[in-house]
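Enquirer: Single-letter residue listing:
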Amino acid sequence: MTKIDMCVDLNGFKMKNPVTVASGTFGFGREYAEYVDLNQIGAISVKGLTLEERQGNPTPRVVETPMGMINSVGLQNPGVEYFIKHELPYLSQFDTKIIANINGNTIEEYCKMAEILSKTSVDALELNISCPNVKSGGVAFGINPDMVYKVTKSVRENCGKYLIVKLSPNVSDIKEIGIAAENGGADCISLINTLIGMGIDIETQKPILARGSGGLSGPAVKPVAVRMVYEVTKVVNIPVIGMGGIMDYADAVEFFLAGADAISVGTANFINPKVTMDILKGIEGYMERKGYTCVKEFVGKLDF
Amino acid sequence: MTKIDMCVDLNGFKMKNPVTVASGTFGFGREYAEYVDLNQIGAISVKGLTLEERQGNPTPRVVETPMGMINSVGLQNPGVEYFIKHELPYLSQFDTKIIANINGNTIEEYCKMAEILSKTSVDALELNISCPNVKSGGVAFGINPDMVYKVTKSVRENCGKYLIVKLSPNVSDIKEIGIAAENGGADCISLINTLIGMGIDIETQKPILARGSGGLSGPAVKPVAVRMVYEVTKVVNIPVIGMGGIMDYADAVEFFLAGADAISVGTANFINPKVTMDILKGIEGYMERKGYTCVKEFVGKLDF
Amino acid sequence: MKDRLFCKVLENIEIASNIYKIEIEKVEMLQNIKAGQFLNIKCDDALLLRRPISISYVETDRIGLVIRKSGKGTVVLCNKRKGEMLDVLGPLGNGFTIDEKEQRVIVIGGGIGTAPLLELVKRLEGKDVTVLLGYKTEPYLVNEFEEYVRDVKVATEDGSFGHKGYVTELFIEAIKENSAEMVYACGPEIMLKEVQRICSKYEVKSQISIEERMACGVGACLVCTCKVKAEEKGVKYVRTCKDGPVFSGEEVIFHD
Amino acid sequence: MKDRLFCKVLENIEIASNIYKIEIEKVEMLQNIKAGQFLNIKCDDALLLRRPISISYVETDRIGLVIRKSGKGTVVLCNKRKGEMLDVLGPLGNGFTIDEKEQRVIVIGGGIGTAPLLELVKRLEGKDVTVLLGYKTEPYLVNEFEEYVRDVKVATEDGSFGHKGYVTELFIEAIKENSAEMVYACGPEIMLKEVQRICSKYEVKSQISIEERMACGVGACLVCTCKVKAEEKGVKYVRTCKDGPVFSGEEVIFHD
Ligand SMILES: Cc1cc2nc3c(=O)[nH]c(=O)nc-3n(C[C@H](O)[C@H](O)[C@H](O)COP(=O)(O)OP(=O)(O)OC[C@H]3O[C@@H](n4cnc5c(N)ncnc54)[C@H](O)[C@@H]3O)c2cc1C
Ligand SMILES: Cc1cc2nc3c(=O)[nH]c(=O)nc-3n(C[C@H](O)[C@H](O)[C@H](O)COP(=O)(O)OP(=O)(O)OC[C@H]3O[C@@H](n4cnc5c(N)ncnc54)[C@H](O)[C@@H]3O)c2cc1C
Ligand SMILES: Cc1cc2nc3c(=O)[nH]c(=O)nc-3n(C[C@H](O)[C@H](O)[C@H](O)COP(=O)(O)O)c2cc1C
Ligand SMILES: Cc1cc2nc3c(=O)[nH]c(=O)nc-3n(C[C@H](O)[C@H](O)[C@H](O)COP(=O)(O)O)c2cc1C
Ligand code: FES
Ligand code: FES
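Chains as they are written, first to last, in the UniProt record's numbering: chain A, 1 to 304; chain B, 1 to 304; chain C, 1 to 256; chain D, 1 to 256.
These aren't lab readings, by the way, just hints derived from the structure by calculation. It is possible that some hints are incorrect.
Taking lysine-lysine and the DSS-like style, the derived pairs with C-alpha atoms no more than 27 Å apart in a straight line are [said to hold, decoys possible]: (1) C:LYS80 to B:LYS274; (2) D:LYS136 to D:LYS101; (3) A:LYS3 to A:LYS234; (4) D:LYS69 to B:LYS281; (5) D:LYS153 to D:LYS136; (6) D:LYS233 to D:LYS193; (7) A:LYS14 to A:LYS206; (8) B:LYS153 to A:LYS150; (9) D:LYS8 to C:LYS82; (10) C:LYS127 to C:LYS176; (11) A:LYS290 to C:LYS136; (12) B:LYS150 to A:LYS206; (13) C:LYS8 to B:LYS274; (14) C:LYS69 to C:LYS122; (15) B:LYS112 to B:LYS153; (16) C:LYS8 to C:LYS242; (17) B:LYS296 to B:LYS14; (18) B:LYS281 to A:LYS206; (19) C:LYS80 to D:LYS176; (20) C:LYS122 to C:LYS72; (21) B:LYS206 to C:LYS69; (22) C:LYS136 to B:LYS206; (23) A:LYS301 to A:LYS14; (24) C:LYS34 to B:LYS274; (25) B:LYS150 to B:LYS234; (26) B:LYS16 to C:LYS136; (27) C:LYS136 to C:LYS176; (28) D:LYS227 to D:LYS242; (29) B:LYS112 to B:LYS16; (30) A:LYS175 to B:LYS206; (31) B:LYS290 to B:LYS274; (32) D:LYS72 to B:LYS281; (33) D:LYS69 to C:LYS8; (34) A:LYS206 to D:LYS136; (35) C:LYS82 to C:LYS26; (36) B:LYS85 to C:LYS176; (37) A:LYS296 to B:LYS206.
Pairwise CB distance ranges, derived in the manner of DEER restraints [what the hints assert, rightly or not]: (38) C:GLU177 to B:ASP37: 51 to 57 Å; (39) A:THR120 to D:GLU232: 42 to 48 Å; (40) B:ASP146 to A:GLN55: 38 to 44 Å.
Ideal Cβ positions, reconstructed from N, Cα and C, are used throughout, including at glycine.
Based on the sequences and whatever the hints tell you, model everything.
Expert: Here it is, written out as structure tokens:
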């Protein structure tokens with residue numbers, strides 16, 4: 001039996017395996033370190049960071065929906081400086097790639113964060129231009145190709161790290177957004193962030209989320225995510241990290257076949273803290289069954 | 001106990017109750033007539049019609065997804081003339097409103113159909129500018145506000161019936177699309193049509209649908225639908241028929257609270273052919289419990 | 001009016017590896033069942049769509065289903081325990097047509113496609129019936145068929161039982177020996193295509209039961225379309241669930 | 001490393017209308033449980049998120065949960081039968097702190113909030129404990145509390161049992177009679193707010209267990225944030241699941 005090689009190389013960004021965890025679903029790794037050996041995860045995208053500390057939105061911040069959940073955390077985080085001082089050293093112990101997910105209200109803020117983080121040991125930046133849970137910035141950047149291009153280009157100029165741009169699915173044409181990010185200088189694209197959704201309590205007649213609407217994630221969104229990954233990978237020449245509702249290895253393989261070079265697991269961590277390891281083993285099993293020796297052999301191999 | 005009045009009046013379009021069935025999920029009524037008394041349904045939106053007969057897409061045309069389904073029927077239908085001759089007389093026996101869902105490849109086709117159908121006994125036209133399962137026309141019209149305005153206006157000029165415009169959820173800003181439809185002369189807006197999604201068979205490595213991608217419907221999309229109904233009803237002054245994943249009365253009430261004047265049931269019919277009657281009874285029960293005597297009293301009453 | 005029916009599971013036994021025979025209560029509304037009809041079954045709350053499952057046999061108080069564990073839904077069904085309730089829609093579809101005049105008939109089943117043929121064979125009593133059953137390796141339902149028909153032949157692909165090879169090989173033999181007035185078939189598409197070819201070659205009429213992915217099961221949603229030959233326009237699109245699942249073998253146009 | 005645990009349901013009985021006592025196997029990894037900790041439970045395949053449920057009591061071989069049927073998930077849980085497996089994460093959260101030095105304590109529970117107090121009361125053995133339990137109409141777990149504490153008082157809103165009115169009325173009485181060194185409380189927010197007010201008025205320390213909607217249950221997702229008073233900045237956002245669910249009564253800032 002030939003040895004299976006799980007390493008992936010996303011245009012210079014090398015991971016020991018293609019299974020990463022999605023921003024906002026894994027904190028700064030501490031909590032899940034009790035459940036999973038973080039050394040076994042391809043990369044960890046940390047909770048979305050902002051320049052200054054943010055307290056996030058009022059609660060309730062979560063609604064369960066049919067095979068999905070809506071969150072409106074609103075980027076609660078201790079700020080980039082705190083992250084660098086108190087969380088990065090912790091994460092750096094582990095042999096995994098660290099992706100800093102950054103969020104700004106203005107292009108300047110994004111650039112400032114990129115500059116600051118470029119001087120640290122993080123391995124990559126993930127430009128989140130798609131968070132639906134904040135008033136200014138966030139999703140506003142993500143739905144307009146010109147803005148996507150502009151913010152990507154500006155950050156690119158201030159960024160000495162591998163630059164991932166994370167796309168919002170709440171758009172009419174995800175292809176043009178992906179192209180804009182590529183043209184702006186992104187090294188990689190990640191998608192999808194959450195769809196905007198709302199849930200209403202019919203007894204109180206109020207939205208369940210204090211904020212009204214929030215970001216839908218989980219299995220419910222998987223068909224949309226797979227479609228968007230397929231569309232984007234057809235039109236860009238940079239690697240893509242696919243995510244949205246991945247619960248098991250079979251879901252992950254759908255994303256690889258659609259064209260993703262790596263995948264990211266979000267909501268599923270909440271249900272099974274060890275899910276990344278199950279997915280990893282499942283992918284290996286699939287590769288063995290199909291006779292693949294490395295992941296690249298079936299990335300984008302959709303027969304269509 | 002005061003009598004509960006289930007009638008709704010959508011700016012002149014009067015229905016005996018606000019529970020309608022969604023285009024493409026109820027055929028021309030014949031099959032479900034064995035399960036439900038069609039006289040009890042507020043309105044029936046028939047399978048999407050085209051000017052000429054259409055054979056639709058190759059099979060497989062359906063994928064089950066987590067709490068959803070993706071279809072790619074591709075507007076299989078016998079054409080508008082056949083409908084008028086052979087299906088409309090059947091439907092006209094029942095004391096329910098008949099909505100003809102129309103689909104064109106060009107604005108001219110839409111107008112032609114509007115003209116033809118305006119001479120018949122259908123009660124309303126539903127302009128489907130959002131079907132994701134056809135190559136030309138369809139969704140292309142639905143994602144661009146200028147096109148939405150243009151097609152609505154043209155059809156309006158050729159239409160002697162109540163005109164409903166059905167919106168696609170695959171857009172960056174549903175509000176501007178809704179406004180465009182209103183400005184174009186729509187009497188009413190219905191939403192949402194399906195989200196575009198894809199499912200892949202990891203063993204054959206092919207898309208499960210012969211067409212690759214298709215339209216996602218069912219409970220999975222409900223949070224997106226409720227959010228969009230909320231957004232659109234905030235900015236337009238015409239009535240809105242809400243749909244997307246309604247499975248029971250509680251789901252229906254969410255849409256009413258979000259602002260819908262009536263609701264439409266699609267995918268749920270496949271699971272429970274009598275679901276419309278259950279929903280109707282459930283809404284009545286809710287009204288009794290809350291002391292409402294007519295539906296209008298809680299339309300848009302979201303406390304937010 | 002018709003409605004969903006809630007039927008108690010009376011028995012569930014694994015009759016071969018991954019093949020389960022599930023007997024459910026024949027509630028009052030489950031009347032006038034034709035061989036070849038099916039039920040559209042809700043597996044559980046976690047799976048949205050119903051699953052089409054043929055009626056394998058009908059008794060006074062119960063209905064027998066034979067199910068192969070293949071994906072999520074059938075796994076749930078095959079794990080149903082005695083006493084649990086099944087939410088079913090049916091009987092659905094057209095079922096097989098039995099013509100008084102046809103005396104010599106051949107019935108061919110492949111794998112789980114043998115299931116609906118059992119009730120058919122019961123109803124063919126009095127005719128000269130040959131039953132040909134094909135399996136990958138492990139046969140099932142053979143004894144049940146033998147209760148009604150003396151002439152039951154089995155083929156397995158690996159030769160572990162009966163003829164080694166495909167059931168269509170037995171079919172060619174049978175038809176050569178003693179041609180039939182009607183052939184009934186159900187099984188994988190590849191088998192049905194071969195049956196179609198053979199019937200056309202030997203000019204024998206056939207009724208074949210086909211599979212297509214479904215949603216409503218009642219003819220309303222048009223996801224289960226099947227292409228058939230039509231007089232006028234050459235082809236016609238019909239609904240597997242409502243106009244089928246049994247079609248005349250000559251008319252079905254398979255995907256290629 | 002920690003993991004999900006699969007625990008067999010050993011018993012499930014309805015102890016009051018819509019209130020179920022479910023005992024599950026205490027598997028090996030369910031160790032070092034503190035009173036006030038909870039489990040995050042997967043109800044079934046159809047519901048995505050886990051549900052937080054307090055550990056009500058711990059025995060050598062089993063753990064007791066007391067669950068109120070309120071929505072989809074708890075309905076599923078309350079229907080679990082003996083022998084079924086529960087997929088749980090835990091023990092989670094900080095739990096109550098017991099201080100050797102505090103001798104006179106009052107324990108107040110409202111409704112289903114009485115559940116986690118049972119294990120607490122067990123562990124307060126040797127202290128001078130007053131237990132105050134409030135219910136809408138039908139009390140439950142009262143006998144169980146009486147096994148450990150002599151001084152158990154009950155209030156029901158409709159007076160069908162014990163004091164007619166709110167349990168916080170009993171609390172005021174108790175505190176006036178014989179002030180306490182620590183108050184432990186769990187119940188609806190409205191009760192906890194009142195407890196907070198009373199404790200502040202009478203200058204008694206308290207530990208209150210609060211509820212917030214959760215997803216991960218382990219502190220990673222930040223959906224369960226609770227506002228508390230903080231030295232430096234006035235307020236601080238902490239995680240109910242990880243930093244709580246038990247907080248010092250003085251510090252919690254309730255929504256208004
Ligand atoms: C008319 C008819 C009668 C049938 N009778 C029987 C029977 O008696 N016994 C039996 O074991 N099987 C029968 N089948 C096949 C059975 O419907 C499928 O095995 C079953 O739907 C698979 O569901 P799943 O959830 O286990 O698989 P999954 O692959 O998880 O199903 C995913 C989706 O695809 C659909 N699907 C997958 N395979 C098939 C298939 N072969 N045909 C139709 N839809 C499919 C499912 O219904 C579901 O919507 C019949 C099919 C049809 C159309
Ligand atoms: C730390 C903690 C301990 C708890 N201990 C118990 C206990 O011992 N016994 C008991 O009966 N209940 C307890 N609860 C409340 C219990 O979690 C909810 O009743 C339950 O989650 C409701 O789920 P559902 O699906 O039945 O209701 P639904 O309303 O259908 O639930 C929908 C969503 O809202 C969440 N939700 C609804 N109500 C609550 C609530 N009160 N608190 C938190 N989330 C909620 C659900 O978890 C789910 O995500 C506890 C809650 C917390 C936070
Ligand atoms: C609770 C929660 C918080 C999230 N926070 C962030 C965030 O801070 N930054 C970000 O880019 N994405 C965030 N996301 C989006 C996820 O990273 C991911 O894109 C999305 O959830 C889809 O994947 P999933 O379905 O596997 O969860 C968050 C998602 C959840 C559920
Ligand atoms: C099988 C199927 C066919 C459909 N065909 C049409 C159609 O012809 N015209 C149309 O406007 N919408 C069509 N739709 C969309 C539905 O009318 C509805 O907008 C959508 O399914 C969301 O509602 P639901 O989640 O309740 O199904 C179709 C949906 C399904 C599932
Ligand atoms: S499954 Fe709906 S028409 Fe056949
Ligand atoms: S529930 Fe995730 S942090 Fe508390």
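Enquirer: Does LYS193 of chain D sit within 27 Å of LYS233 of chain D, going by the straight-line distance between their CA atoms?
Expert: Given that 27 Å is the threshold and the Cα spacing comes to 23 Å, the pair holds.
Enquirer: Does LYS206 of chain A sit within 27 Å of LYS14 of chain A, going by the straight-line distance between their CA atoms?
Expert: Violated, because 47 Å separates the two Cα atoms, which is more than 27 Å.
Enquirer: For the pair supplied as a hint, LYS296 of chain B and LYS14 of chain B, is the alpha-carbon distance within the 27 Å limit?
Expert: holds (13 Å)
Enquirer: Next pair to validate is LYS8 of chain C with LYS242 of chain C; report whether the Cα-Cα distance is within 27 Å.
Expert: holds (26 Å)
Enquirer: Between ASP146 of chain B and GLN55 of chain A, is the Cβ distance one that fits in 38 to 44 Å?
Expert: Roughly 41 Å apart at Cβ, these two residues keep to the hinted range, so it holds.
Enquirer: Measure nothing beyond the straight line between the CA atoms of LYS8 of chain C and LYS274 of chain B; if it is 27 Å or shorter, mark the hint as holding.
Expert: holds (21 Å)
Enquirer: Checking one constraint from the list: CA of LYS227 of chain D to CA of LYS242 of chain D, max 27 Å. Satisfied?
Expert: holds (14 Å)
Enquirer: Taking the beta carbons of GLU177 of chain C and ASP37 of chain B, is their distance inside 51 to 57 Å?
Expert: About 55 Å separates the Cβ atoms of GLU177 of chain C and ASP37 of chain B, which means 51 to 57 Å holds.
Enquirer: Taking the beta carbons of THR120 of chain A and GLU232 of chain D, is their distance inside 42 to 48 Å?
Expert: Since the Cβ atoms of THR120 of chain A and GLU232 of chain D sit about 25 Å apart, the hinted range of 42 to 48 Å is violated.
Enquirer: Take a quick look at whether LYS136 of chain C and LYS176 of chain C sit within 27 Å of each other, Cα to Cα.
Expert: holds (24 Å)
Enquirer: Next pair to validate is LYS112 of chain B with LYS153 of chain B; report whether the Cα-Cα distance is within 27 Å.
Expert: Holds - the C-alpha atoms of LYS153 of chain B and LYS112 of chain B are around 13 Å apart, at most 27 Å.
Enquirer: Could you grab the alpha-carbon distance between LYS153 of chain D and LYS136 of chain D and see if it respects the 27 Å cut-off?
Expert: holds (14 Å)
This entry does not satisfy hints 2, 3, 7, 8, 12, 19, 20, 26, 29, 36, 39, going by the numbered hints stated previously.
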